[in-house]
Amino acid sequence: MKKYSGAVFFDIDGTLIETKRGIDTISENTRRAIASLNKKGYLTCIASGRTRNYLPVLGDVFEGYITCNGAVAEVDGKILFEKFVEPEVLKHFMKYMDTHGFGYILENSEQCFTTLAGNRTFQGLTGRLSKNYDCFYPITDLTEPESFRVCKLQIACDDEIEFKRIQTLFAKDFEITPHRYEIAADVAPRGTSKASGIQELIKYLEIPKENTYAFGDDYNDLQMLQTVAHGIAMTPHVPPLDDIAEYVTGTVEEEGVFHGLLHYGLISQKEM
Numbered sequence: 001m002k003k004y005s006g007a008v009f010f011d012i013d014g015t016l017i018e019t020k021r022g023i024d025t026i027s028e029n030t031r032r033a034i035a036s037l038n039k040k041g042y043l044t045c046i047a048s049g050r051t052r053n054y055l056p057v058l059g060d061v062f063e064g065y066i067t068c069n070g071a072v073a074e075v076d077g078k079i080l081f082e083k084f085v086e087p088e089v090l091k092h093f094m095k096y097m098d099t100h101g102f103g104y105i106l107e108n109s110e111q112c113f114t115t116l117a118g119n120r121t122f123q124g125l126t127g128r129l130s131k132n133y134d135c136f137y138p139i140t141d142l143t144e145p146e147s148f149r150v151c152k153l154q155i156a157c158d159d160e161i162e163f164k165r166i167q168t169l170f171a172k173d174f175e176i177t178p179h180r181y182e183i184a185a186d187v188a189p190r191g192t193s194k195a196s197g198i199q200e201l202i203k204y205l206e207i208p209k210e211n212t213y214a215f216g217d218d219y220n221d222l223q224m225l226q227t228v229a230h231g232i233a234m235t236p237h238v239p240p241l242d243d244i245a246e247y248v249t250g251t252v253e254e255e256g257v258f259h260g261l262l263h264y265g266l267i268s269q270k271e272m
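In this note's numbering, the protein residues as written are 1 to 272.
Just so you know, not all the hints are guaranteed correct.
[Stated by the list, open to error] Derived EDC-like pairs: lysine to aspartate or glutamate, alpha-carbon spacing no greater than 16 Å straight-line: (1) 20 to 254; (2) 95 to 173; (3) 39 to 76; (4) 203 to 74; (5) 78 to 200; (6) 172 to 242; (7) 39 to 74; (8) 40 to 63; (9) 3 to 88.
[To be verified] Quick list of the computed label-pair ranges, beta carbon to beta carbon: (10) 229 to 39: 17 to 27 Å; (11) 190 to 137: 22 to 32 Å; (12) 39 to 96: 11 to 21 Å; (13) 39 to 172: 37 to 47 Å; (14) 77 to 229: 26 to 36 Å; (15) 137 to 25: 20 to 30 Å; (16) 59 to 250: 42 to 52 Å; (17) 210 to 248: 15 to 25 Å; (18) 25 to 101: 14 to 24 Å; (19) 20 to 84: 28 to 38 Å; (20) 91 to 25: 37 to 47 Å; (21) 101 to 271: 26 to 36 Å.
These are computed hints drawn from the structure, not numbers from a lab. Cβ coordinates follow ideal geometry from the N, Cα and C atoms, glycine included.
With these hints in hand, go ahead and build the complete structure from the sequences.
Listed below in structure tokens is the structure:
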């Protein structure tokens, strides 16, 4: 496998694009900057809570993908690792959610099944993530839902007290990371995060940690920005990132990623 001199990891929503503000594509300056990093021997890698099957179209500039909040990693089309929720743990979690009437989505790299198909909560939860609903199926299509190999779940819960109860009850089995804009969360196997995915990836590829960078803005980016040598927060970002980020760059609209790369000397204006 190719040797890399360093790596730069990119969150998607609020970092490369901002669907809430109608920015659905990566800016041309940012795209050129990322292509320049590739030429210099850096691994350019998406790090997302999303699964691979509903990532937006980002073009061909990224060589790596860490998805499902760190449960899956691939480089140059080769899956390096893929982690799944234990079947008994999944069965217990689904039973609790069904009993209490909370919706959820079961996700892996190929398919997603949901109890929320067709309802407004589902559209709110996924609408800002994907305009392609083809990979989401009603959970009734599964003969044995608990046998589906799940890398990650999303849950929808509009009761904040009950949401915190879920976090407490299942803390032993899951990393439950709230979304920024909804009372909802990503649910991944305990010990799994963007950070753990990055750690495994740079170890596997023997990338020097001192040459690692990450851009993010949300709660599921906290550990990622702590794990790399240089953590860069977008504007705006969740408050906890203030104490973690080494540098704060601009908004998506202001091409924050492009200017962050300039700040660290990873690219130059001449190259653009």
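Status of the hints after comparison with the structure:
1. 20 to 254: holds (15 Å)
2. 95 to 173: holds (15 Å)
3. 39 to 76: holds (15 Å)
4. 203 to 74: Measuring from Cα to Cα gives roughly 14 Å; hence the hint holds.
5. 78 to 200: Since the Cα atoms of residue 78 and residue 200 sit roughly 15 Å apart, the hinted pair holds (cutoff 16 Å).
6. 172 to 242: violated (28 Å)
7. 39 to 74: violated (19 Å)
8. 40 to 63: holds (13 Å)
9. 3 to 88: violated (39 Å)
10. 229 to 39: 17 to 27 Å: holds (21 Å)
11. 190 to 137: 22 to 32 Å: holds (27 Å)
12. 39 to 96: 11 to 21 Å: With a Cβ separation near 50 Å, residue 39 and residue 96 fall outside 11 to 21 Å, so the hint is violated.
13. 39 to 172: 37 to 47 Å: For residue 172 against residue 39, whose Cβ atoms are near 45 Å apart, the range 37 to 47 Å holds.
14. 77 to 229: 26 to 36 Å: holds (27 Å)
15. 137 to 25: 20 to 30 Å: holds (27 Å)
16. 59 to 250: 42 to 52 Å: For residue 250 against residue 59, whose Cβ atoms are near 21 Å apart, the range 42 to 52 Å is violated.
17. 210 to 248: 15 to 25 Å: Given about 21 Å between the Cβ atoms, the range holds.
18. 25 to 101: 14 to 24 Å: violated (38 Å)
19. 20 to 84: 28 to 38 Å: Given range 28 to 38 Å: holds, Cβ gap about 32 Å.
20. 91 to 25: 37 to 47 Å: holds (40 Å)
21. 101 to 271: 26 to 36 Å: The hint (26 to 36 Å, Cβ to Cβ) is violated, given that residue 101 and residue 271 are roughly 54 Å apart.
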